[in-house]
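Residue strings, one per chain:
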Amino acid sequence: MTEVRALSGKPVGELTLEAVRRGEIGLEDLRIDPQTLERQAGIAEQHENPQLAENLRRAAELTRLGDEEVLAIYDTLRPGRATPAELTALADSLGGRGLPRCAALVAEAAEVYARRGLSA
Amino acid sequence: MTAETNAAAGRPVGRVRFMDAQRVNLDGFAVEDADLGLVAMRSPYDPGPSLVIRDGRVTEMDGVPEDRFDSIDAYIARHGLDLSVAQEAMSLPDVEFARRLVSPDVPRSEIVRLSAGATPAKLARVLALLRPAELCQAMTKMRARRTPSNQAHVTNRLDDPLLLAADSATAAAFGFREIETTVPVLADAPSNAVACLVGAAAGAQGVLIQCSVEEALELELGMRGLTSYAETVSLYGTEQVFTDGDDTPWSKAFLTSAYASRGMKMRVSSGAGAEVLMAGAERKSMLYLESRCVALARAMGTQGVQNGGIDGASVAAAVPSGLRELMSENLMAMMRNLESCSGNDALMSESDMRRTSRTLPIVLAGSDFMFSGFGSIQRYDNMFGPSNFNAEDIDDFLAMQRDWGVDGGLRTVTADRIARLRREAAQMCRAVYQHLGLADFTDDHLERAVDAAGSKDLGETDTLAVVSAAQAIRDGGITVVDVVAALDETGYEAAAERILAMTAQRLAGDYLQTSAIFDEQLRVLSLVTDPNDYAGPGTGFEPGPERQAEIDAIRQARGVEDLRAEQATSAVPLLAVAGPSGNGAGRKAAPGAAPGQDPREVVIGVSPAVGRDVWRCLSGLTVPEVLAELLAGLEEEGCTGRVVRFNDTVDLGRIGLAAARLAGSGIGIGLQGKGTALIHRRDLAPLANLELYSVAPAVTPELYRLLGANAARHAKGGTPDPVRNPYNDEAIEARYHTTVIALMALERAWVKPGAPPEELSLEGLR
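Heads up: the protein sequence lines correspond to chains A and B, in order. So the first sequence is residues 1 to 120, counted in the numbering used here. So the second sequence is residues 1001 to 1766, counted in the numbering used here.
If we strip away everything but chain B, and leave its shape as in the complex, we get (with noise of 0.2 Å):
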């Protein structure tokens, strides 16, 4: 289509079409609506923060007197707020309280001491007052454990058990402390929570692993040992909705409460954009609704929350300051004295940059944990929807731990200890599953599940097979301890004792306390045993110096001297020294050699490393290869070519400045054994040259020749059109400068000042 039909149909422009084409603009984004709810922070029927107490009761809570408190209002009024510092709390002027919460001079035992009596409507003024750096700075000093942790989504397409432990391995190998899983077919979920046991004990010991199904299953999942903890017990910030959800907050109290009698830990769900969704918002912001379920939550007695948005985070992303709203309520709650389970759990976004801004923050800052479900397996796998961080991101997150020095919770593992823990846990979970009568797995299955990237790489399973081993195991009342006992009559005595000291440790009941989670010693970590003691600058939490090489040492860092073994692997027995510079026709046998005589030679000058540590160019081809075009080009345009090695420069300029002063035509070529080229002549300042090719690893074969046949020309006298640098739109400097500088390291081990040039053989280059 022409500009002009382009214009004529009412298009826009190119450069707005190529906008609209971006990534981003798949993503919805709503005109901010406070009668849908569709606002973050600050909606004009957000009630005014207030409180009146009378003979120890509460009459009045954020403009609502006590006879017209829905459910919430009175669950909170009577079991949420510390009346003791009620009165100070809600007279301290929101800016100050902010300021406050902010300061690292003010502790964080003060900000929860004033918090735990302010109303939802006060606490969400506060934090609607935040800028985002200072939700950062709150965030470190507010975070109830000092170390942070990560949690995973294990879960597959077809609940197959095999890949489930495997994945669990990998994940609890990664560093993550709780894996959470859940299933396609409700029927599954036993069956989940047995391979995820399994899997994870293989990886490392301590991992907590919930199985997020229905409650009444969930309890019983746990209620035998097979999962250790839950957080899908849903809270809602109005009435209406969380009727429509089936509860009420003394249901979920009483919950609460069932789940500890069982010696589980629990935290509870919630997050912006439920009451949207369900049409329920009551004209309130994100905000408030959601400061109503964090002051619940406390109320209740639950040690945590997961919040963030959960399910609902692309709604609070969709209208203005979403994600700063999000951000607070995970702030909120550890104002609260609970544990953050901090969201990021839900992919919020198309675009890449949007996913990384939406978490970004939150992981600088630290969380108890960073994620309440990273997908430690592929976004197609990921049987909550693709999280915002899946495994195609692991990776990055990885690299982004490392570039800022943070402690993300993960670390790196290398490649045969995943297949060594995956191998290791689909056979334990082969074993028990054979052994206890549940179903039997062939080999080919089991190889399948060790090497899967996901489980499309599985082929055709028997998925009916997992229906009913989960019925067997539900049927047949399995426990932990025959899962204990099945390891060890299998021959998997180290798994069966893990498993069994984590039961028995978590009969201490150590871990029911805020925050909790057990480290791979299975010492409890939490706001008891690891308080969060930041107060600025040099305090807080920072990584020993045992985990910071842990962040540091991704799989990808190179040093010199890995890049001398790979530049080992292309040496090949071309390039010997045929003599010192001068050994050519008619011309001394001696250092500092006189030029050549032909008019027609062209000198090529290769830096001091070339035919010793470095044979291989950043475009790939070999340093001989190169040289072979370069000769073909010269020879093409009927001029002959020397090759001599400089050993006194690693300065490409300088190589072929002097090259060219060796050649008889004046014109010589310089070559880094990176593959950087230019040509030179003998007349010029050392830093002019008349081509140059900068962007060695875009450098083909025929562009060396083409370089060689210019060198010609400039030899035979002509003006040639000089070539163009192949530019293109790929990150060259972030693929290649870590690999310039150690072969540049390894050009400046060769140097030694004031020793001669030396010819190299033309065997092999012709």
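Chain A on its own, in the form it takes in the complex (with noise of 0.2 Å):
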């Protein structure tokens, strides 16, 4: 197994104190690897739960956006904020960056919440 390695591509096991006190560590430092999600998402899809695969691979995805990005992202979800055509257009906007998971959730959401009336 190849050494695991954080978001900003530092091994894990240069996480010391000593890289510490050398003022070395970032917060990017901290953040998990969407290959690290990868590989388990397919540990998850092994152990009968596909649906767990599918949250981490959506959530590989997501280590490319922003804190704020992805809060913003959540709150549009959110019942009566957008129009489905905003959420369409938040799809594509997902799509094109190369989101296509998250994509697809937003634009289920957009079919969905037009027809339930949880659009804005």
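Just so you know, these hints were derived from the structure itself, not from any lab. Honestly, I wouldn't trust all of these hints.
To be verified - In silico lysine to any residue, SDA-like type, Cα no more than 25 Å apart, as pairs:
(1) B:Lys1752 <-> B:Asn1647
(2) B:Lys1456 <-> B:Thr1479
(3) B:Lys1716 <-> B:Glu1636
(4) A:Lys10 <-> B:Ala1504
(5) B:Lys1752 <-> B:Glu1635
(6) A:Lys10 <-> A:Arg39
(7) B:Lys1716 <-> B:Asp1613
(8) A:Lys10 <-> B:Ala1501
(9) A:Lys10 <-> B:Leu1687
(10) B:Lys1752 <-> B:Leu1574
(11) A:Lys10 <-> B:Ala1565
(12) B:Lys1456 <-> B:Pro1184
(13) A:Lys10 <-> B:Ile1418
(14) A:Lys10 <-> B:Ala1508
(15) B:Lys1716 <-> B:Asn1647
(16) B:Lys1456 <-> B:Gly1405
(17) A:Lys10 <-> A:Arg78
(18) A:Lys10 <-> B:Leu1684
(19) A:Lys10 <-> B:Gly1477
(20) A:Lys10 <-> A:Glu48
(21) A:Lys10 <-> B:Leu1522
(22) B:Lys1752 <-> B:Thr1739
(23) A:Lys10 <-> A:Asp67
(24) B:Lys1716 <-> B:Arg1600
(25) A:Lys10 <-> A:Glu24
(26) A:Lys10 <-> A:Arg31
(27) A:Lys10 <-> B:Thr1739
(28) B:Lys1752 <-> B:Ala1685
(29) B:Lys1716 <-> B:Thr1739
(30) A:Lys10 <-> B:Glu1493
(31) A:Lys10 <-> A:Gly96
(32) B:Lys1752 <-> B:Ala1565
(33) B:Lys1716 <-> B:Leu1684
None of the values given here were measured: they were computed from a predicted structure.
Could you fit the two chains together into a complex? Lean on the hints.
Written as structure tokens, this is what we have:
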């Protein structure tokens, strides 16, 4: 198995107190890496939980977005926040930026929200 | 009020008034009412199970056609079901499904496979068939993680950081593997997270930390590495209530992914009663609505569920079979291959018996987490509201684990260790706050936090300092790295290493799998690494010898040697051997001595260890004090007493009879070191006697004196009114039997068959 790395690319083995003392550790060095999430998705699949696998793969995509954007998308998905068109646009944008699973989730929300009166 | 006026006033009879006054009658009990959703497991309005699949797409589920799916149906239908086993699962008769669920011969994996194809209505119907013992059996098998565990609430009314740190260390030392905190004042949240993180690190390695606040802030704390899991992401069983909660299945699914994207373990929260309380149950049973929640949790891809009532536990408990429903919720999560964090986190009754009855089956069966928050702090400090078990109950819980020989996740901690860890945690927390410029705490404050049983012991504190510390953490972007560096620079390198090691370990992502916890060596225990393999007796989880010893060795346990040492502290230089029992005037100084001649002489016979290893009776009186009372009673009635130790028996009847036979009057008093006493007469059989004090712990000095006086009256040929044994309603046997057994062992050790009796000095007894 290859060594686990943080999102920053730093190998986990380099997360030492010495490195902290030298001021070399930042928040990016504590963030989980999408490859790790992908590996865990594979394990979840092997253990009869394809839904957990899908969640972890969506999460792998979301590692590419900043905290504020993640929270903003969450807010957009809450009831009555966005029109179907806005949701569809968000889905398209996510798809275009290489987050197809998140895009599919948002696109599906757009469709169901419109039918169930959950959109703005 | 007289009986007659009670009756005239229409008041119930005394027996009923007495029953009315019991604590259980403070609880509310509801008439079952499906229209309000006040029904546990079977509402006439629950849909029948159904599933229609066309071209790989669910077109009808539980009686609802696709075009009328609400958002919950739609999410489950699209993501939650394994359509490849759906037909098999749905056509399996409910009873057959239930039998397979219970049978140890059907492996967990087979139930997981079938459940994946079962609709919410189907699983609800199956679970409603299980009797309580069958629920236990099924839970033992279906729990995802082999090793059970437990979660603690750590909060206080003041959000006091030093107390939070000390209490987190305490909780970690007791064995809790997750700590959940929350705040009475929202703005304090970042401070609570830091205090619990630091404190837990003092107590044990690898404890997961959660700060339960609104989603955005909770996620932010997680992103900074200050917390490591989340569970208060609520799901509801009806669309209306879900929407009232300002979420949809899609927003929650996205949030689930958001947590995972920041490497945080996360479970959702649901449970009976929430929809009823919001008047949105749509006439469905609690179990059916929860079945929708659990199906949705699985569909969203969360790793686990906190359910079993939670805030609505007392709603379920108010209706018939409500406790079965709560336990069924947990089992349902397990069937869907999810972690179960099994409720028990809300005080569901004023009755100690009812709340124990609610929790015990889950502890016996074993769950991933027995409690989704055992209140490790006192009830009044629990900012989630009192849990079903709290700091008041930790010793009870430890005893229950030991009684049943089960692993409830907790262990005994010595008083010294608790003191040391609390001090270390509070000092570390103070150092971090000071180093990061968050707040300064006085020595007095620290000492109070170390010693406190709860926040009321802190006195006046500066709560504004907490708010500003929390603000500084948030605005200053303080992360776990800053906390680690602060610990390191203030001399707490070991704690810094611990937190850093766990932070690094989380990056491997193994703890994102179902039912994952870290053990104290930072190994992940989960569905993947520690799968439950229960298949009947002799299989599945069993505490190892070391863990079993930990469960068994509660701090109250006493052995014979403990008692010997305790008795020795009461030893005094009295009761020396005055000679063989026959050295009185005119008698031969020889073993097996002749009886005394004085018709007013009463002999007090004592047991073999008296004056040697046994010095204090169960009543708390010392043996010399008791003897002094007996002698005084004899003298009050004009008799004299001798004290003779019998060395060949521990039997009180034989001692009393032998004493009587030595006495000039023919009347003897027998006294065992534990305080049991009787009056005997030389012509009676050993097991007969004239008066007996059998309840040694409750005998008072006055009663011993009276026994002496009565013995004297017998000696003079009178017929005294026998004294009454002092009975009371306490669990005397529970309290003293262990000590009795040890005391008798001390007595037995001095028995020498055929050894002669010895007269003891009366010095100091008058």
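To see whether the hints hold, each was checked on the structure:
no.	hint	verdict
1	B:Lys1752 <-> B:Asn1647	holds (6 Å)
2	B:Lys1456 <-> B:Thr1479	violated (31 Å)
3	B:Lys1716 <-> B:Glu1636	holds (13 Å)
4	A:Lys10 <-> B:Ala1504	holds (11 Å)
5	B:Lys1752 <-> B:Glu1635	violated (32 Å)
6	A:Lys10 <-> A:Arg39	holds (18 Å)
7	B:Lys1716 <-> B:Asp1613	violated (35 Å)
8	A:Lys10 <-> B:Ala1501	holds (15 Å)
9	A:Lys10 <-> B:Leu1687	violated (84 Å)
10	B:Lys1752 <-> B:Leu1574	holds (22 Å)
11	A:Lys10 <-> B:Ala1565	violated (60 Å)
12	B:Lys1456 <-> B:Pro1184	holds (15 Å)
13	A:Lys10 <-> B:Ile1418	violated (38 Å)
14	A:Lys10 <-> B:Ala1508	holds (13 Å)
15	B:Lys1716 <-> B:Asn1647	violated (28 Å)
16	B:Lys1456 <-> B:Gly1405	violated (35 Å)
17	A:Lys10 <-> A:Arg78	violated (36 Å)
18	A:Lys10 <-> B:Leu1684	violated (91 Å)
19	A:Lys10 <-> B:Gly1477	holds (21 Å)
20	A:Lys10 <-> A:Glu48	violated (32 Å)
21	A:Lys10 <-> B:Leu1522	holds (21 Å)
22	B:Lys1752 <-> B:Thr1739	holds (22 Å)
23	A:Lys10 <-> A:Asp67	holds (20 Å)
24	B:Lys1716 <-> B:Arg1600	holds (7 Å)
25	A:Lys10 <-> A:Glu24	holds (10 Å)
26	A:Lys10 <-> A:Arg31	holds (10 Å)
27	A:Lys10 <-> B:Thr1739	violated (62 Å)
28	B:Lys1752 <-> B:Ala1685	holds (23 Å)
29	B:Lys1716 <-> B:Thr1739	violated (37 Å)
30	A:Lys10 <-> B:Glu1493	holds (23 Å)
31	A:Lys10 <-> A:Gly96	violated (28 Å)
32	B:Lys1752 <-> B:Ala1565	holds (22 Å)
33	B:Lys1716 <-> B:Leu1684	holds (17 Å)
When the structure is compared with the earlier hints, violations turn up for hints 2, 5, 7, 9, 11, 13, 15, 16, 17, 18, 20, 27, 29 and 31 and for no others.
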